[in-house]
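Asker: Go by the hints and put chains R and Y onto chain X.
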Amino acid sequence: MTTFDDIQDKVPAPSLEKKISSDRVLDVGFWGLTLLLAISAGAVLIWVILQTANSSLPAIQQFGLGFLTTMTWNPVTNIYGVLPQIYGTLVTSFIALLIAIPVGVGVAVFLTEDFVPRYITTPIAFAIELIVAIPSVVLGLWGIFVLIPFLRPFFQFLNNTFGWIPIFGGGAPRGNNLLVVGLVLSLMIVPLIISITRSTFEVLPPSLRAGSLALGATRWETILKVLIPAGLSGIISSVMLALGRAMGETMVAAMMVGNANRIDISILQPGATITGLIASQFGEAGRLQVSALMYAGLVLMVLSLIVNILAELIIRRFQNIE
Amino acid sequence: MTVNNELINQSQAFSDSTSVIDVEDWNVYYGDFHALKSIFLKVPKNKVTAFIGPSGCGKSTLLRCFNRLNDLIPSFRATGRMTYHGQDLYSSNVDAVQVRRRIGMVFQKPNPFPKSIYDNIAYGVRVNGIKGDMDEIVEQSLRRAALWDEVKDKLKQNGTAISGGQQQRLCIARAIAVQPDVVLMDEPCASLDPISTLKIEELIHQLKENYTIVIVTHNMQQASRVADLTAFFNVRVVDDKRQGYLAEVDRTEIIFQNPKEEATQQYVSGRFG
Amino acid sequence: MLSIILTSLTFIFTTAILIPLFMVVINVSAKGVNQLKFPDTFTQLPPPPGLTEGGFGHAIIGTLITLAIASSIAVPFGILSAIYLAEFGRGSKIAYLVKFSANVLTGVPAILCGLFAYSVVVMPMGGFSAFSGGVALAVLMLPIIVRATEEALLLVPNEMRQAAIGVGSTRFQMVISIIIPAALPAIITGVVLALARAAGEAAPLLFTAFNNNFWATDPMQPIATLPVLIYFFSIIPYKASQDLAWAAAMVLVAIVLIFSIVARLAGKQKAFYS
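Protein chains in written order, with our numbering: chain X, 1 to 322; chain R, 1 to 273; chain Y, 1 to 274.
Just so you know, the hints here were simulated from the structure itself, not pulled from any lab data. Because the structure is a prediction, the values reported are computed rather than measured. Careful: at least some of the hints might be erroneous.
Some chain X residues near chain R, calculated using beta-carbon distances under 10 Å [said to hold, decoys possible]: (1) Ser-15; (2) Glu-17; (3) Ser-21; (4) Asp-23; (5) Arg-24; (6) Asp-27; (7) Arg-118; (8) Arg-152.
Below are the DSSO-like pairs computed for lysine-lysine, each with C-alpha atoms no more than 27 Å apart in a straight line [as the list claims (entries may be wrong)]: (9) R/Lys-156 x R/Lys-47; (10) X/Lys-19 x R/Lys-152; (11) Y/Lys-268 x R/Lys-115; (12) R/Lys-109 x R/Lys-152; (13) X/Lys-18 x R/Lys-152; (14) R/Lys-109 x R/Lys-154; (15) Y/Lys-37 x R/Lys-154; (16) R/Lys-47 x R/Lys-37; (17) R/Lys-208 x R/Lys-152; (18) R/Lys-199 x R/Lys-109; (19) R/Lys-208 x R/Lys-241; (20) R/Lys-208 x R/Lys-131; (21) R/Lys-45 x R/Lys-152; (22) R/Lys-115 x R/Lys-131; (23) R/Lys-45 x X/Lys-18; (24) R/Lys-156 x Y/Lys-268; (25) R/Lys-156 x R/Lys-45; (26) R/Lys-199 x R/Lys-47.
Note that beta-carbon positions come from the ideal geometry of N, C-alpha and C, so glycine has one too.
Chain X with its partners taken away, still in its complex shape (with noise of 0.2 Å):
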């Protein structure tokens, strides 16, 4: 057994040197095989991008940019353009976004401000995280079956009292309309809202409130003039990530908007989103059909990353700064 005193005396001037053993190989390899994944990471991002680009060069080829304007669909005749779920996706999500956004922004102020006792806010923000949690074919199913029936009426009513303002015109409604898709949208994004401006708002620094209260402000007046101000880079990006989902979200649009191919002014009419296409239409989709979901999945695409991307720039620009 070997004891200190022994190996003290033994060991003179042990070398130094480089050798190759296994510690030293396992070091290496293992800092090589890291970094590989890490940029195999970084590059899942292109290769989804490429792929999806590459699958759609046959309806690229054939149908060119006129696919962005053209409103048929016709798997019989083989000509596809997605003008109408372009439309549909873009207007579903700014109605959802024009509800989220006051919704979100007041939630979150309720939440910072002291409205009410904690073990209140604690509660209400655990449960709005919740509604993250609630897979979105559940929500679907939940609108096909409750909100729909529930919200039929008052579409009639709309229709029936209002008719004559274009948005909520058209033939009798039924309940798949833009306007239920755009909310249950907005339930689903403005918990998103909801935690990154209250992130937004827990940081800025307490001497901000402090002072505008100082100066005479009112509460209000302080949150209006001074916090949201201080804190609209949050608010901001936590918007374009909110628009990313509700433009990317599929089984709430496929379930619920009707998917038909047509472009109507009335929100009260079914319409058709990119989302809802694809996954209604690629169980028995022939080859050109299958390049032409893959050209709107690009379209889609290129819709989400610029704004994705916006939103990164955004939050770290803004992060140098403070």
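Answerer: Quick look at chains R and Y alone, frame taken from chain X:
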């Protein structure tokens, strides 16, 4: 450069001992910032060498050059020669991991691993591929660190669950368990109470029989109590930045009672720092 | 005056979003519980259209299998990448680009992950398979795991690294024996949360794993999963199928809930260093 000539003479203190680490014209840069200038020093074997001096004089920086720990800082760069038993520590042929297995370190704030006391010591032993009866090695290390009696019944307890002074002795045990040649200590008692500090100072006296110790300390009295050789570092302002240099190095008695440099005299009598 | 209106608005808004949440939970539980018949729902296959007996045990198994395939790809890939980002390449240009890319990838719609898996796996293979579904879900899970693991590793104090290095560890030894065990609770939380997210997704599976009406465990064949089953059954005009959809929805929500709770519990097991 009269200062340097005198330094070389002063470092003849302990010239009868072999020098374990030899520092020649060592300069440290962080990026463009010249942090440490022109250090000449010989660390004698089986003695305690103390680095003292005001904040920012580079004593910890120099200490960390000995075990290549500054490699972890991306902007770190050094010129000069630093040898260990005659081998160039910074040659491109040298494996920093091997250096750290010979030159151990105890840090300012005790940093035991979140493992049991036993495993804290066993980890280093295993990692260095040292063969032997682990139980015996753990016991010997803890005895040499004057901690065995206090923890022998609770070796399975988490290393962070003991007191600060005990944690630091555990870190010392961990360092010596891997059978180093040199033990570097970077202000080891800075976060400890006076009683634990005293225990560790006693420990240092015992340890120097088997190890070469280099200790950085803010506490001059500590240096005068434990060190055989004392190196006094000072700061000068160059281009609005503070640059460290070695002002004087000699036997501890001389540094504290009869230093050659004015600055040394002022520092040890408490006039600044 | 304005102040009162605005404050009331925030109250109203908060209630307004909590109501649908409660409605969903209540409806799904009520309708779902109604339709759950032990053990049939879990042990039987779906009935032919029009009949009332049956279950979706095969879909539960299918969900578990696709999640297992997805994890076996995304977990090692994600953790090892994060190790590079936090330990070896911290602050480097590569790390910056990889993190940027991972963040953008989290925003890519789930259905596009399915399209990707379709063109990379289904088309060459010539058919749907559980494996392609696993690939689609892995693309979904990867950025979540990378981000969560990197954060977990960054939380480990630097003193630990210095101690390990100081005692002569190689980087490999330090990471495997010291850093990972210390960061493990947070890493597990991240992985389980990624699983919770992937478990609920139907879109990526619609044309990868597709569907299967029989007990199936072959990863190279199409397989049923709970989310896809809910979607398909919701559009079948027979009440029996729709009832099963509700029951399946309840089971799916329960699974996601269990994952979320496990994630939170794992996170609470703080390592000793705090």
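Asker: Hints broken by the structure, by number, lowest first?
Answerer: As far as the earlier hints go, 7, 8, 9, 10, 13, 15, 19, 21, 25 are violated by this structure, in ascending order.
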